[in-house]
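**Student:** The lines below spell out each chain.
Protein chains: 2
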Amino acid sequence: MADRSLLLIPGPTLVPASVLQAMAQHPIGHRSKEFSDLMAEVTAGLRWLHQTTSDVLILAASGTGAMEAGIINFLSPGDRVLCGCNGKFGERWADLCRAFHLQVETITAPWGQPLNPDDFAEKLAADRDKTIKAVIVTHSETSTGVLNDLQAINRHVQAHGQALMIVDAVTSLGATPVPMDAWGLDVVASGSQKGYMIPPGLGFVAVSERAWAAYATAKLPKFYFDLGAYRRDGAKHSTPFTPPVNLFFALRQSLQLMQQEGLPQIFARHARAAAMVRAAVAAWGLPLLCPVACASPAVTAVAPTTVAAEEVRTLLKKQFGIAIAGGQDHLKGKIFRIGHLGFAGEREMLTVIAALEAVLQQLGHPLTPGSGVGAALQVLATSP
Amino acid sequence: MADRSLLLIPGPTLVPASVLQAMAQHPIGHRSKEFSDLMAEVTAGLRWLHQTTSDVLILAASGTGAMEAGIINFLSPGDRVLCGCNGKFGERWADLCRAFHLQVETITAPWGQPLNPDDFAEKLAADRDKTIKAVIVTHSETSTGVLNDLQAINRHVQAHGQALMIVDAVTSLGATPVPMDAWGLDVVASGSQKGYMIPPGLGFVAVSERAWAAYATAKLPKFYFDLGAYRRDGAKHSTPFTPPVNLFFALRQSLQLMQQEGLPQIFARHARAAAMVRAAVAAWGLPLLCPVACASPAVTAVAPTTVAAEEVRTLLKKQFGIAIAGGQDHLKGKIFRIGHLGFAGEREMLTVIAALEAVLQQLGHPLTPGSGVGAALQVLATSP
Chain A
1 MADRSLLLIP GPTLVPASVL QAMAQHPIGH RSKEFSDLMA EVTAGLRWLH
51 QTTSDVLILA ASGTGAMEAG IINFLSPGDR VLCGCNGKFG ERWADLCRAF
101 HLQVETITAP WGQPLNPDDF AEKLAADRDK TIKAVIVTHS ETSTGVLNDL
151 QAINRHVQAH GQALMIVDAV TSLGATPVPM DAWGLDVVAS GSQKGYMIPP
201 GLGFVAVSER AWAAYATAKL PKFYFDLGAY RRDGAKHSTP FTPPVNLFFA
251 LRQSLQLMQQ EGLPQIFARH ARAAAMVRAA VAAWGLPLLC PVACASPAVT
301 AVAPTTVAAE EVRTLLKKQF GIAIAGGQDH LKGKIFRIGH LGFAGEREML
351 TVIAALEAVL QQLGHPLTPG SGVGAALQVL ATSP
Chain B
1 MADRSLLLIP GPTLVPASVL QAMAQHPIGH RSKEFSDLMA EVTAGLRWLH
51 QTTSDVLILA ASGTGAMEAG IINFLSPGDR VLCGCNGKFG ERWADLCRAF
101 HLQVETITAP WGQPLNPDDF AEKLAADRDK TIKAVIVTHS ETSTGVLNDL
151 QAINRHVQAH GQALMIVDAV TSLGATPVPM DAWGLDVVAS GSQKGYMIPP
201 GLGFVAVSER AWAAYATAKL PKFYFDLGAY RRDGAKHSTP FTPPVNLFFA
251 LRQSLQLMQQ EGLPQIFARH ARAAAMVRAA VAAWGLPLLC PVACASPAVT
301 AVAPTTVAAE EVRTLLKKQF GIAIAGGQDH LKGKIFRIGH LGFAGEREML
351 TVIAALEAVL QQLGHPLTPG SGVGAALQVL ATSP
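The listed protein sequences derive, respectively, from chains A and B.
Under our numbering, think of the first position of the first sequence as 1, with each following residue one higher.
Under our numbering, think of the first position of the second sequence as 1, with each following residue one higher.
Any given hint could turn out to be false.
Identical copies carry no separate label here, and so any pair may be met within one copy or between two of them.
Said to hold, decoys possible - Derived DMTMM-like pairs: lysine to aspartate or glutamate, alpha-carbon spacing no greater than 20 angstroms straight-line:
id: 1; residue 1: 332; residue 2: 310
id: 2; residue 1: 219; residue 2: 95
id: 3; residue 1: 33; residue 2: 95
id: 4; residue 1: 33; residue 2: 226
id: 5; residue 1: 236; residue 2: 346
id: 6; residue 1: 33; residue 2: 105
id: 7; residue 1: 236; residue 2: 329
id: 8; residue 1: 317; residue 2: 37
id: 9; residue 1: 332; residue 2: 233
id: 10; residue 1: 334; residue 2: 311
id: 11; residue 1: 317; residue 2: 129
id: 12; residue 1: 236; residue 2: 129
id: 13; residue 1: 33; residue 2: 3
id: 14; residue 1: 317; residue 2: 95
id: 15; residue 1: 318; residue 2: 34
id: 16; residue 1: 33; residue 2: 329
id: 17; residue 1: 88; residue 2: 233
id: 18; residue 1: 130; residue 2: 233
id: 19; residue 1: 236; residue 2: 37
id: 20; residue 1: 123; residue 2: 105
id: 21; residue 1: 130; residue 2: 329
id: 22; residue 1: 334; residue 2: 105
id: 23; residue 1: 318; residue 2: 37
id: 24; residue 1: 318; residue 2: 3
Since the hints were derived computationally from the structure, they do not count as laboratory data.
Let the sequences and hints guide you as you build the complete structure.
**Tutor:** Spelled out as structure tokens, the structure:
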């Protein structure tokens, strides 16, 4: 079905062959000792990935389901929350909060620009009565390729002392450091089809002790996403509802691959891949949607002016079988996005850069043949 | 990891090799034409399986998630609902309704006995003001092996004229007829790891036009499980959130296998497998938990008195690598359950019956060697 396809969108991402093989085993019973052992192993791996000793819970859900769980378990109707909005996902979390009757105040920046930590500082400092119950931030905004300054925003949340820090780490976890304990993050949500290098279908929510204290009094209704049940059963290496056991097989294998590589090496590889793409785009004289200083290690958004973004995508798919992403909502047709996340590394970046060069040339964009690949090789030669 | 294991629990069920292979393909982008084509194909297959022209929506969730979606989308806080409770899953839906502040009235029967349709008739007939908004029934109660008389209960719901009929069809769909349109069911929820013959991770909710009318005024908060979003995007062969694309690959293959076999043939095969097991159990002189007249085509619960249920399970696993299920909650240690659901058919039943005979003999249960297999063969020889 997809024999020729090279998937370089910001999720689902490429899946290593050994992970696909692990997933294709016969299912096991989820109330068996085999499953308990599997659950114990992947839970330990998830703690390693999150750099935490806190609970990391596994849901049968997409990343959006994980974020919903990460929000509704710790809040009550009418609670005041600050939500950072500078792209499709930030806006989605604001919509989600409104659907659950939270009192949402958005802190915005244009799509393609980072959130300003000072905007958070101002709101939080003014909240002398401590009515702000949570701050919700999308770390890596997949729709634009912006990496928000989570650490700086979180410092202001820590200074506030009451609000929970709830993080969408869907395309940042496994691509750049999200040291939950060191930074003191309260809720970190992610999804399997990103840095995890496995297919979509699992959501993850890491929960701090401070967040569990809030859970005890939170009143939003919940059942399938009631994280207390996942914590209770997780303590016995079990799950409250039937887990997607084959995706757990995949998770075990991918966590083993990640641990073999090591977190610093994984982050460095993502940084290199991102830098390669951006060097090539610069060599071609194409504008990036967002400044390099705040660019995500997971995805690069290019906003071409001399060629149509959708024509680039179509030709790249047709001629080379490479799938990259387009823009979402008002950026539809205006940008293309290259995923350099998870298993996609230097080799895939050389591939897509070379192929893009061919496509851009065909579409009439003025460039020096080989300039993009040359710039990427220069990055490879000089980066750690 | 499970090379020797034969999984005969009532879910996860056995997965055909071609389905495992289909699942082990590289993921595709979920906003691609390939995915739209896939979505259109599986949606048509799901309508065929549900015998409906209504929407059948696909969620990244377990069967419990599908039931939650099937309940919260059509009701408002304080709504009065009747919930049938004669096993673990019926009780779970009552708990779920309470978590969402519905006014729940349970209609109960002992675990192992069927719900009495007259009990529903009485409550519904007495409701002249039409305050009952929904009736929730678990068709096949997986925890006990009882098949509730959904058709009879539903006739009373139809006579009421206002209440929605919400059905947990998790272990009945694909094992016995659940003709949604012919019976006029409003919401039918199911999960992938059962009759579908694919691993866990997908939930399905079929929704009637009458249920969509209730959706328009339903006030329970929802976002990830907001079925209106799935319907809207489904009309474009898309999904609101990232779908588990590899499980969709599996679903396409399993629906093709099911369509090749045909619904009447699938139902007849399940009936044969169930009858084989029950004939063997009778030949051994072991009691069934529930009367044969109301026994599920998906799972048989045996309540041995001469041997310990858990010793049967342990020895069967150790000596033959066959996994069967135990009892849940207060039935723990008192019953064992054999799944004859999905891909598990006559061959697997002969296998488990022969192996059980060996195990029962070892544990000292008095039986005539070969009597169980002989009884099963007699069923095979005489059943259509």
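**Student:** Could you check the structure against the hints above and give me the numbers of any it violates, in ascending order?
**Tutor:** 3, 4, 5, 6, 11, 12, 14, 18, 21, 22
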